[in-house]
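Asker: Since the structure of chain F is provided, determine the placement of chain P on it from the hints.
Residue numbers (our numbering), protein chains in the order written: chain F, 1 to 279; chain P, 1 to 290.
Check before you lean on any hint, since a few could be wrong.
[What the hints assert, rightly or not] Below 20 Å or equal to it, Euclidean Cα-Cα: the simulated EDC-like pairs (lysine to aspartate or glutamate) are: (1) F:38 / F:55; (2) F:38 / P:128; (3) F:125 / P:36; (4) P:3 / F:62; (5) F:38 / P:129.
Note that these hints are calculated values from the structure, not bench results.
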Amino acid sequence: MHPERLVRAAINNLLASGAGLIALAPIYLLLTNAFKTKLDADAMSPALPGSLQWDNFTTVIDQGRLVPAFLNSALYAFGSTILGVLLAALAAYVLARHRSRLHRVIYGLLIIGIALPTNYVTLIKVMQVTGLIDTQIGMIVLYAAMQIPFDVFLMYAFVGRLPRELDEAAFIDGCSPIRTFFSIILPLLTPVLLTCGVLNILNVWSDFINPLYFLNSSDNWPMTLSVYNFFSQGTNFSSGSNWALVSADVVLSILPVVVIYLAAQRWILGGWSAGAVKG
Amino acid sequence: MNKRAYPTWFAGGALILFGVFVLLPSVLGLGFAFTDWNSYSTDVNWVGLDNFAAIFDPSSNYFSAIQNTVLFTVATIALKTVLGLALAVLLTSGVRRLSYLYRALIYLPAVLPMVAVGIVFKSILNPDDGMLNLALRFVGLGGLAQQWLTDITLALWSVIGVDTWKGAGYIMVILIAGLLVIPRDFYEAASLDGASSWQAFRYITLPLLRPVLAVTTVLNLLYGLRVFDIVYVLTNGGPGYATSTVYTTVFDSFSLGQYGIGTALSSVFVVVGLLLSFVVLRALSRSEET
Numbered sequence: 001m002h003p004e005r006l007v008r009a010a011i012n013n014l015l016a017s018g019a020g021l022i023a024l025a026p027i028y029l030l031l032t033n034a035f036k037t038k039l040d041a042d043a044m045s046p047a048l049p050g051s052l053q054w055d056n057f058t059t060v061i062d063q064g065r066l067v068p069a070f071l072n073s074a075l076y077a078f079g080s081t082i083l084g085v086l087l088a089a090l091a092a093y094v095l096a097r098h099r100s101r102l103h104r105v106i107y108g109l110l111i112i113g114i115a116l117p118t119n120y121v122t123l124i125k126v127m128q129v130t131g132l133i134d135t136q137i138g139m140i141v142l143y144a145a146m147q148i149p150f151d152v153f154l155m156y157a158f159v160g161r162l163p164r165e166l167d168e169a170a171f172i173d174g175c176s177p178i179r180t181f182f183s184i185i186l187p188l189l190t191p192v193l194l195t196c197g198v199l200n201i202l203n204v205w206s207d208f209i210n211p212l213y214f215l216n217s218s219d220n221w222p223m224t225l226s227v228y229n230f231f232s233q234g235t236n237f238s239s240g241s242n243w244a245l246v247s248a249d250v251v252l253s254i255l256p257v258v259v260i261y262l263a264a265q266r267w268i269l270g271g272w273s274a275g276a277v278k279g
Numbered sequence: 001m002n003k004r005a006y007p008t009w010f011a012g013g014a015l016i017l018f019g020v021f022v023l024l025p026s027v028l029g030l031g032f033a034f035t036d037w038n039s040y041s042t043d044v045n046w047v048g049l050d051n052f053a054a055i056f057d058p059s060s061n062y063f064s065a066i067q068n069t070v071l072f073t074v075a076t077i078a079l080k081t082v083l084g085l086a087l088a089v090l091l092t093s094g095v096r097r098l099s100y101l102y103r104a105l106i107y108l109p110a111v112l113p114m115v116a117v118g119i120v121f122k123s124i125l126n127p128d129d130g131m132l133n134l135a136l137r138f139v140g141l142g143g144l145a146q147q148w149l150t151d152i153t154l155a156l157w158s159v160i161g162v163d164t165w166k167g168a169g170y171i172m173v174i175l176i177a178g179l180l181v182i183p184r185d186f187y188e189a190a191s192l193d194g195a196s197s198w199q200a201f202r203y204i205t206l207p208l209l210r211p212v213l214a215v216t217t218v219l220n221l222l223y224g225l226r227v228f229d230i231v232y233v234l235t236n237g238g239p240g241y242a243t244s245t246v247y248t249t250v251f252d253s254f255s256l257g258q259y260g261i262g263t264a265l266s267s268v269f270v271v272v273g274l275l276l277s278f279v280v281l282r283a284l285s286r287s288e289e290t
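This is chain F alone, in the form it adopts within the complex (with noise of 0.2 Å):
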């Protein structure tokens, strides 16, 4: 290779690795300091740990109740997903076939919520007059509201691309509307059904403003709540932080959403390309 080529690829490459540690290094400084003790973990150094500590983690997941906030964000993650992926494709499918003037106006309706920002306050007065403030079905039922406008804009322009033959043969040969429906579109649907589920479990999960104003029971909170409730308690105790702690409870709460992330990362990408390249 040429030389002045080899140094711009030298270069490229520095950079590249560069801006991969910094993005790394935070992590890092997590799971070093996770396993350490509490003396150690006192400045969150990235040294590394003397002996590892595994105790840390049974303490947190004990103090933290990290197992009841964690079946809470699975509950609340994939029971939205479930519900809101559902009612996003249903509406995505009669609006996208058949155009008439009021689905036009519906859609447009729908895809207005993927920019109006939540207004919190009034939203606690309607959670409390539906009886859902504080509740667990609550949080599910919120969570899938808000991730219909998105849904139902990324579906829409995936039902208008299959072919409308398949339908109108179902309908011929006196296939519900329903019928049709679940056992012809649904499947098709599969590629987006995924992408948009995906895309809302890391949204809910790594939700932390609605917990925050809805949920009051501890009982209730998700990971995300326990653990920042974890940290300020932590930097309150009568002897200082215990880094160690809140390194391996942090680490802990985002071991989902980094598992869910690699296994996902094709549905992810694969939004990104149908939802902001080809819109």
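Answerer: Coordinates of chain P only, in the frame set by chain F:
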């Protein structure tokens, strides 16, 4: 046959959930914004434009929250776009080997919950024994060590920095998807004509990437205006009100029971959001046509 084959009630479930939990609060908010609704009394009285006068009083905390939110939004849009674009170009044309590993690493912060990110950076930015100041002192730049989160002029920029660390990879991934659909022939033709790599970037990459850049800008914009988690965890709006944003201020006024003013501030926001949603629609439909 259309009517019977594609019944409108299929959209009913989505429409009801959307109507009750997304649309209704916004509409109710517009009404309550003109009242003194609060947690101390059961009466709700009409107060006209009082809440809005308080919000747009340049000396009020509400106004500084709006200013901070705008600064945060503009700065993060600029930083994430420039960094994301630079990384996207680097990883699609500069680096061949390991490109996928770099992409996965740089995107990773984007999937982490903001609360977790905030907690780690709270330690990294600690002025005494935080990693950042230690590293600066270690390389002999101790003079640059700062009170990152408690200095009034610096705190907002620290929050912006952390947010950029988390969000740049996300923008990069979208831009990479956009770069990959630009035909290679364009660059080959340009280099045959003697165009420099800067010229190729300026006259081929940038114009063809415009629809995708519009999308990332809108995404960054919508995110920036709603920023809450990272501020809440890192500074909770402080020192003083130096880093308070619209959403942290709404949360504060909600905690204090001042629902009227909270909902007024939210409503200003909803109107801005509606205007922006129009921009979103335009940007997205334009990218669909190309």
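Asker: For every hint, state whether the structure bears it out.
Answerer: Hints versus structure:
This hinted pair checks out: residue 38 of chain F and residue 55 of chain F have alpha carbons roughly 12 Å apart, not beyond 20 Å. Our distance criterion of 20 Å between C-alpha atoms is met by residue 38 of chain F and residue 128 of chain P, whose separation comes to about 18 Å. Proximity of residue 125 of chain F to residue 36 of chain P is assessed by CA-CA distance (about 15 Å); at most 20 Å being required, the pair is judged to hold. Restraint check for residue 3 of chain P and residue 62 of chain F: the C-alpha separation of about 57 Å exceeds 20 Å, so the hint is violated.
Under the criterion of a C-alpha separation no larger than 20 Å, the hint pairing residue 38 of chain F with residue 129 of chain P is consistent with the structure, at around 15 Å.
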